[in-house]
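Engineer: Here is how the chains run, residue by residue.
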Amino acid sequence: MQQDLNPVLLVKPLPIEAEYFITLSNEPIDCNDSGSVSCGKPGKL
Amino acid sequence: MKASRYNLFVHHKPDNVFIGFNGVSGGVLIFTPAQYDAAQKIIQDPNQTLSDKEIDLKNMLVHCRFLIDDKIDEIKILKVRNNLARHNSLRLGLIIAPTLLCNFECPYCYVDRSKIKMGDEVIEKIKKFVLHKLEHITSLQVCWTGGEPLLVLDVVEELNHFFIKETSDRQKNFSCSMVTNGYLLDLEHIDRIKGCGITSIQITLDGYKEYHDKCRCTIGGGETYEKILNNVVSATKNGLNIMLRSNLNLDNWEGIFKLIDDLTTRDINRKMLKFTPCKVVGKSNTPGLCNLFSTEEFAKIEPQIIEYALKAGIATNIIDMGTIQTFCGANRIATYVIDPYTNLLKCWCNLGDSKNNNIGFIKDNGEDAIDFPAFAEWVGWDPFELEECKNCRVLPLCLGGCKYYNLSEKTNCTEIGCTHRKYNLEEMLRLYYLNLTKYNPLQVENENTLQTKDSKLS
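In order, the protein sequence lines correspond to chains A and B.
Quick note: the first sequence uses the working numbering, first residue 462, plus one each step.
Quick note: the second sequence uses the working numbering, first residue 2, plus one each step.
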């Protein structure tokens, strides 16, 4: 008998673009504005 | 169906699981070896005949967009997503330097430490500027920087109280943060900061005490490490979110572990602290200080530092592998840096050098006067025109990286503005998994994460 093949969903995917028909609002989609990586500027940042 | 070009799978041997990550959706799946083998078989030939259990697995792969429809062009999706964010004018972002004066004398500082402080006339111009914009936006995000903004906290308070009232009257959102060296952040200043709507603070410690005190000293060379760290403790205990940043270079990075050890001995409210090691760009004015990492060199040490911090119970905000809309506000049409003369800039690295780098100014009546070619240089810069970016596996995570670093002659760089994630993606994905499942499991309670064995598609 084949075992359960479903992996664990650890982080949900971003919902946008999951469907073909979405309502485009003027607000940006709900993900980070920036900076999964810090920008690395020098000085007192 | 076809495979996404932004799939990444990493085998985490201690748990004998495979971590699957899709860069466009940000979804993460954890596979047993058998599940991984079955998934790879489906990804390699998505259109084959499948059993019922394999169909469930395929649906999960589609849900997280490891598999996508043949007609989907992921680069176009990323490009449009990026353009929508960059050209969104509903969210106004202002980075304001109320003074360029500073009580520190860091050898690598790029800011011209003039003694200028915003006067009443300038404050009134900024108020008019914001009033002009308010009717057309939904939210106002302000970040105070400098110079040292706590030296002129009266200016910050006056403008912030104005922003709070005007946004509240119009039912607009307002949020505010501050970048400070932390030296003056005593209890009185903490109260005043919180009282004018600032909720998060960025403070820098450049490694452990010995190096930090050489690099981030008061004018005249006074030590600052102990005082700043004591202030960080007070701030976290009094409800301020602190992003504790460390600028790392070849000379100080090995001491960062002692700093992390030191943090664990302090009476910090750790829920309010995020630690962020950063690679320094630019040049030091002092020989022997701040010899810079290449991006690739930094990519090698970053995971070591992050893992050490996570094991010590110190959270970090650069562990996040989530998708982004834009790398930096400098590329957005509605983000401005305002200097004490009401010049408008795009990058705070240009503070103190507005003569060569401004993109406009605020007129007396509060309208903005934009130097359109200079503005277009920033906003028109497009990573999707660069073949190296279009073909890069980390494009969804960096969207071209730092425009300043990419194009500025001042940085004297020989690399394009790539992030170090390009070189350590596998290792950082492994840490992302460990952070969510082991080191900082509370994070999985947020709405974007799940951690259940039964997380099948409904």
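Honestly, the hints are just simulated from the structure, not real lab data.
Just so you know, these numbers come straight off a predicted model, no measurement behind them.
It is possible that part of the hints are untrue.
Stated by the list, open to error - Within a straight-line C-alpha distance of at most 30 Å, the following computed DSS-like cross-link-like pairs (lysine-lysine) qualify: (1) A/LYS473 x B/LYS215; (2) A/LYS473 x B/LYS312; (3) B/LYS195 x B/LYS118; (4) B/LYS404 x B/LYS356.
To be verified - Derived Cβ-Cβ restraints for the label pairs, each shown as a range: (5) B/ILE76 x A/ASP465: 27 to 37 Å; (6) A/ASP465 x B/ASP192: 51 to 61 Å; (7) B/THR200 x A/ASP465: 17 to 27 Å; (8) B/ASN48 x A/ASP465: 15 to 25 Å; (9) A/ASP465 x B/HIS12: 47 to 57 Å; (10) A/ASP465 x B/SER90: 15 to 25 Å; (11) B/ILE165 x A/ASP465: 15 to 25 Å; (12) B/GLU378 x A/ASP465: 26 to 36 Å.
Each residue gets a CB set at the ideal place from its N, CA and C atoms; glycine is no exception.
Engineer: Could you tell me which of the numbered hints above are not met by this structure, giving the numbers in increasing order?
Structural biologist: Of the numbered hints, 1, 7, 9, 10, 11, 12 do not hold.
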